[in-house]
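Chains as they are written, first to last, in my numbering: chain A, 1 to 264; chain B, 1001 to 1793.
What the hints contain is simulated information worked out from the structure, not anything from laboratory work. Where a beta carbon is used, it is the ideal one built from N, C-alpha and C, also for glycine. Incorrect hints may have been included.
[Stated by the list, open to error] Anything over 12 Å on all C-beta distances counts as not near chain A; from chain B, calculated:
hint, residue
1, Glu-1014
2, Ile-1029
3, Ile-1049
4, Glu-1120
5, Asn-1243
6, Asp-1396
7, Ala-1480
8, Gly-1483
9, Ala-1685
[To be verified] Here are some chain B residues pointing at chain A (derived, C-beta under 10 Å):
hint, residue
10, Glu-1130
11, Asp-1652
12, Thr-1653
13, Val-1655
14, Leu-1692
15, Val-1697
16, Ser-1706
17, Met-1709
18, Tyr-1712
19, Met-1714
20, Leu-1720
21, Asn-1722
22, Lys-1724
23, Ser-1775
24, Trp-1780
[Said to hold, decoys possible] Some residues of chain A that are not near chain B, with every Cβ distance over 12 Å (derived):
hint, residue
25, Arg-20
26, Asp-22
27, Gly-75
28, Ala-81
29, Asp-82
30, Lys-84
31, Pro-88
32, Gly-147
33, Phe-149
34, Glu-215
35, Lys-229
36, Ile-230
37, Gly-253
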Amino acid sequence: MYDFAYQKPSSLADAVKALRADADAKALAGGMTLIPVLKQRLNKPSVVVDLAKLGLVGITVSGNTVSIAGMTTHGAVAHNADVKAKIPGLAELASVIGDDAVRHRGTIGGSLANNDPAADYPAAVLALGATIKTDRRSIKADDFFQGMFTTALEQGEIITAVEFPVPEKSGYEKFRNPASRYAIVGVYVAKTAGGVRVAVTGAGQNGVFRQTAMEQALSANFSPDAIAKIVTPADGMNGDIHASAEYRAHLVGVIAKRAVARAH
Amino acid sequence: MPFEGIGASVRRKEDARFLNGRGNYTDDINRPGQLHAYIRRADRPHATIKGIDTSAAAKAPGVVAVFTGADLAADNVGGLPCGWQIHNKDGSPMAEPPHPVLAIGKVRHVGDPVAVVIAETKQAAKDAAEQIVIDYQDLPAAASLRDAIAAGAPTVHDEVPGNICYDWHIGDKAVVDAAFAKAAKVVKLDLTNNRLIPNAMEPRAAVGDYDVNSGDFTLFTTSQNPHVIRLLMGAFVLHIPENRLRVVAPDVGGGFGSKIYHYAEEAIVTWAAGKVRRPVKWTAERTESFMSDAHGRDHVSTAEMALDADGNFLALRISTLANMGAYLSTFAPCIPTYLYATLLAGVYKTPVIYCEVKAVFTNTVPVDAYRGAGRPEATFLIERLVDACAHDTGMDRVAIRRKNFIAADAFPYQTPVALQYDSGNYQATLDACLKAADHAGFEARRSAAVGRGKLRGIGISTYIEACGIAPSAVVGSLGARAGLYECAEIRVHPTGSVTVFTGSHSHGQGHETTFAQLVSAQLGVPMDQVDVVHGDTAKIPFGMGTYGSRSLAVGGSAMVKAMDKVIAKGKKIAAHLMEASVDDIEFKDGKFTVAGTDKSKALAEISLAAYVPHNYPIEELEPGLDETAFYDPKNFTFPAGCHIAEIEIDRDTGVVEVMNFVAVDDVGRVINPMIVEGQVQGGVAQGIGQALLENAVYDKDGQLLSGSMMDYTMPRADNLPNIKVATETTLCTHNPLGVKGCGEVGAIGSPPAIIGAIVDALKDYGVRHIDMPASPQKIWSIIQAGQPRMAAE
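Based on the sequences and whatever the hints tell you, model everything.
What follows is the structure, given as structure tokens:
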């Protein structure tokens, strides 16, 4: 990696200040993407601002909302009794991100801010209609994801927490890239009083997206059969040496059915 | 003391240090005053170098020197040599274009080394390397076999128009064509053997050291054969006499063939150490491994079998294109010829065989031996073709194999492709494997799978391979530029402990255990008093190293020869001490006994007498008990066996899961069954990797798309079933231990069993063959294409 300065502020205000002061500053949350990128010299930040001392860790339940602080690790979410009780699909999703080592370093805020098109969390956040809380505002999931590696976050804006409304039931399934084990297709399905939301990660050229045809069918009849005949168009899907756009489109249907069957 | 003799599953002596992180690998070696090398490599597949500006890099902080191909040429550094010369059909030698250590004039593959920065730290070297400005003029690339032989294809080497390295053949074409003309049936199959990237756990590394006082060079390197590196690099590249060059290959973390070859980086650090008069270290980053370690396989073939009306094989005709990559790696030319085409008889009595092989230069990383080296390519081709014969004739896959097997009483068996098999029993390994795999119960398991929505299939492979490539005189006549013997020195110390110096090299095989076990058993010395030394040209007489599963068959035989000399000398000493005739001395269980008496002397008493020769036949016998032997085998050894795989396919996604895998191998006498089981399991894991997961992919422009672990799929534990391993033994008839070799059988035998099982599972979908890897997408496409056919039936 290239040389860079390193800061580890102990207040949110100082962290924001450090990130705003320098357009080439980078925030370090879990580092599960940033560190490999730095090692490969694909990024050359002037300063890395470590968010580990900001106290942004923990999971709280308030009424019908589960709130996960931004620096909470995937492992903590996967094993949290409240998450398992209230939104078991979310705990299951967290339990299949990366491997054990990744789950004990990677954070929900880091994952969302990075918005890797093959990351798992964006599917849950979008399907559950979560709210992303930052140092300065609240952002609805529908407004947050703005394409591959692009979000509504401003320079120096830090995710402090993610608030998930508790659904009636939800579930996540993914089809892994055989090499990287990232999602080739990941589908999160959430059934709420307001209807069903289906979010697909891994497949789309613009990152996570909602499969509205499936949402309508599932809102009428929440069962795998209800979406068996829905064809997801290959237009707009990613293609690579592991999975063509057509194969991904097909897998969206298969994996969505499995997510519905798994939902609880 | 537990039984430690031949046949005991003794735990590996070397594992304590490996498992505790105390191995001593090349990258662990640091010399006083050491500098670091970073190599600037081509980021494009094919381009003319119009200029290289190193001025900024040379001035960068911490930089000691920057070198390019011109600097090496100015110092009379030679190109990397090729160790095997193949001749064309017309008798002319193969094309052998230069392989510069650092590119001169042109780059020919992504990863081709262009310049090297020597600096105080690796970081400084890397920073400076980015400041080297290379003025390239891009050329179109020949990225694949088909592209490289097409009319008007880009020329990889200007001196090799058409990109053909050689056009070679074996067998009598006219006789084979005549047999085809009379055949009742001809079965034809086109197939590809996918390109693989070795990915040893330890990346390659090299440390060059130069002694200013003596003028001696030392190279520490990740090699499977340090003497071969000393010979090639000393004689052909750097022109350093052997007495001035020491090569050490310490603990090496996996090779699989990729660490046989003499690589540019070894020459760079050794030469540069002399230039800057300080030690120089280079360690590959994983990305460099992907683009600079020799790749494996990469064949495209057409195979045809002629059969009579009863399903007997009459003749086999094969045409193969083999990818050499951009340059000839050390042993590349012999892989698709003498390690491939000579195995095409398989375990079958096919009377006549003809094979032609065109080796082709492409703008890709050089291709050379990779675990199995030619035999996996031959086995995949034959076994898939035999399955296709069963498919096309309606015969059972087991029955057609039995019908055509070389009979157990037919040995020695002369094949029509040069090799003479010394021993084997293919019916026995087949029967044992069918039983262990519960072949008879398969249809019930298939039906049960249908109930779970899965397609289940079973596949069988009855393979043969050849290990311990030899004898030297024969391989020399076939184009080898090296001998293929092995040496061993057995040094019995004064108090009876033993050090074994072997020219074989362990990079995961467990030699420190197996060899100690062998010597312990033969000399009657406890294993903990036997140490094995390998991997250092300053310590070993001369070693040809480890590849082709040769270590026990060739290196172990040399040990037996040396031990025979030790025992013979010991008998003379014992006869003197016990005042008996040497003919009456027997040696057993570590004791020299006068036959028919209770008079005996332990080995330690004899060795003490040998080193303290007070009462000693000094007139007839030299002191000491230290013997060296070189063993040049009379023939290859021929491990063979049967592998059976059962797989299930998820119809919706195309994902293949290996449910059961059974390997029954005849590897000759087994010294340590646990190590054999581990070797076979590791080989099968690589075979399953090739069959289902691994694929080196270049795009049409010559960029390596599968250039990291993010895209190159190595097999992982959850891709693999519990691999059941058993052995059935026939002894090798021409080496003293009766051993054959077990290092590669897993990787050789398993791929066609996996693919055969997948094709069996998909038999209702109109598929007769699937090339590797059988990725989920590929299987899904087959299922999609087969749906209308299913609906119509």
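So, going through the hints one by one against the coordinates:
The Cβ of Glu-1014(B) lies farther than 12 Å from every Cβ of chain A, with a closest approach of about 27 Å, so its non-interface assignment holds. Distance check on Ile-1029(B): its Cβ is at least 23 Å (rounded) from any Cβ of chain A, clearing the 12 Å threshold; non-interface status holds. The non-interface label for Ile-1049(B) is consistent with chain A: the shortest C-beta to C-beta separation is roughly 23 Å, beyond 12 Å. With a minimum CB-CB distance of about 15 Å to chain A, Glu-1120(B) clears the 12 Å threshold, and the non-interface call stands.
Residue placement check: Asn-1243(B) keeps its beta carbon more than 12 Å from all beta carbons of chain A (closest about 42 Å). For Asp-1396(B), the requirement that its beta carbon stay farther than 12 Å from each beta carbon of chain A is met, with the minimum near 33 Å. Even its closest Cβ contact with chain A, about 37 Å, leaves Ala-1480(B) beyond 12 Å, as expected for a residue assigned away from the interface. No Cβ of chain A approaches the Cβ of Gly-1483(B) within 12 Å, the least distance being about 41 Å, so the stated non-interface status holds.
Every Cβ of chain A is farther than 12 Å from the Cβ of Ala-1685(B); the closest lies at roughly 15 Å, confirming the non-interface assignment. Given the 10 Å rule on beta carbons, the hint for Glu-1130(B) holds: about 8 Å separates it from the nearest Cβ of chain A. For Asp-1652(B), the shortest C-beta to C-beta distance to chain A is roughly 4 Å, which falls under 10 Å, so the interface hint holds. This hint holds: Thr-1653(B) has a C-beta 6 Å from the nearest C-beta of chain A, less than the 10 Å allowed.
At about 8 Å, the closest approach between the beta carbon of Val-1655(B) and any beta carbon in chain A falls short of 10 Å, and the interface hint on this residue holds. Interface hint status for Leu-1692(B): upheld, as the beta-carbon distance to the closest one in chain A is roughly 8 Å, under 10 Å. Nearest Cβ of chain A to the Cβ of Val-1697(B): about 5 Å, under the 10 Å cut. The hint holds. With a cut of 10 Å, the hint placing Ser-1706(B) at the interface with chain A holds, because the nearest CB-to-CB distance is about 7 Å.
A cut of 10 Å between beta carbons decides the hint on Met-1709(B): the least distance to chain A is about 6 Å, and the hint holds. The closest approach between the C-beta of Tyr-1712(B) and any C-beta of chain A is roughly 6 Å, which is under the 10 Å cut-off, so the hint is satisfied. The beta carbon of Met-1714(B) is positioned within 10 Å of a beta carbon in chain A (closest approach about 8 Å), and the interface hint is therefore held. A distance limit of 10 Å between C-beta atoms decides the matter here; for Leu-1720(B) the minimum to chain A is near 13 Å, and the interface restraint is violated.
Interface hint status for Asn-1722(B): violated, as the beta-carbon distance to the closest one in chain A is roughly 21 Å, over 10 Å. For the restraint placing Lys-1724(B) at the interface with chain A, the shortest Cβ-Cβ distance is roughly 24 Å, beyond the 10 Å limit, so the hint is violated. Taking 10 Å as the C-beta cut-off, the interface hint given for Ser-1775(B) holds, the closest approach to chain A being about 7 Å. Residue-level restraint check for Trp-1780(B) holds (minimum Cβ-Cβ distance to chain A is 6 Å; threshold 10 Å).
With a cut of 12 Å on Cβ distances, Arg-20(A) stays outside the contact zone with chain B, its closest approach being about 29 Å. Residue-level check passed: Asp-22(A) sits 21 Å from the nearest beta carbon of chain B, beyond 12 Å. For Gly-75(A), the non-interface assignment is confirmed: its Cβ lies about 19 Å from the closest Cβ of chain B, beyond the 12 Å cut-off. Annotated as non-interface, Ala-81(A) keeps its C-beta farther than 12 Å from every C-beta of chain B; the closest such distance is 28 Å.
Listed as outside the interface, Asp-82(A) is consistent with that label: its C-beta sits roughly 30 Å from the nearest C-beta of chain B, beyond the 12 Å cut-off. For Lys-84(A), the shortest C-beta to C-beta distance to chain B comes to about 24 Å, beyond the 12 Å cut-off, and the non-interface label holds. Distance check on Pro-88(A): its Cβ is at least 23 Å (rounded) from any Cβ of chain B, clearing the 12 Å threshold; non-interface status holds. With a least CB separation of 21 Å from chain B, Gly-147(A) remains clear of the 12 Å interface cut-off, as annotated.
Against chain B, the non-interface label of Phe-149(A) holds: every CB pair exceeds 12 Å, the least being about 16 Å. Distance check on Glu-215(A): its Cβ is at least 21 Å (rounded) from any Cβ of chain B, clearing the 12 Å threshold; non-interface status holds. Separation of Lys-229(A) from chain B is adequate, the least Cβ-Cβ distance of about 14 Å exceeding the 12 Å criterion. Against chain B, the non-interface label of Ile-230(A) holds: every CB pair exceeds 12 Å, the least being about 14 Å.
Not every beta carbon of chain B lies more than 12 Å from that of Gly-253(A), the smallest distance being close to 9 Å; the non-interface claim is violated.
Checked against the numbered hints given earlier, this structure breaks hints 20, 21, 22, 37; the rest are met.
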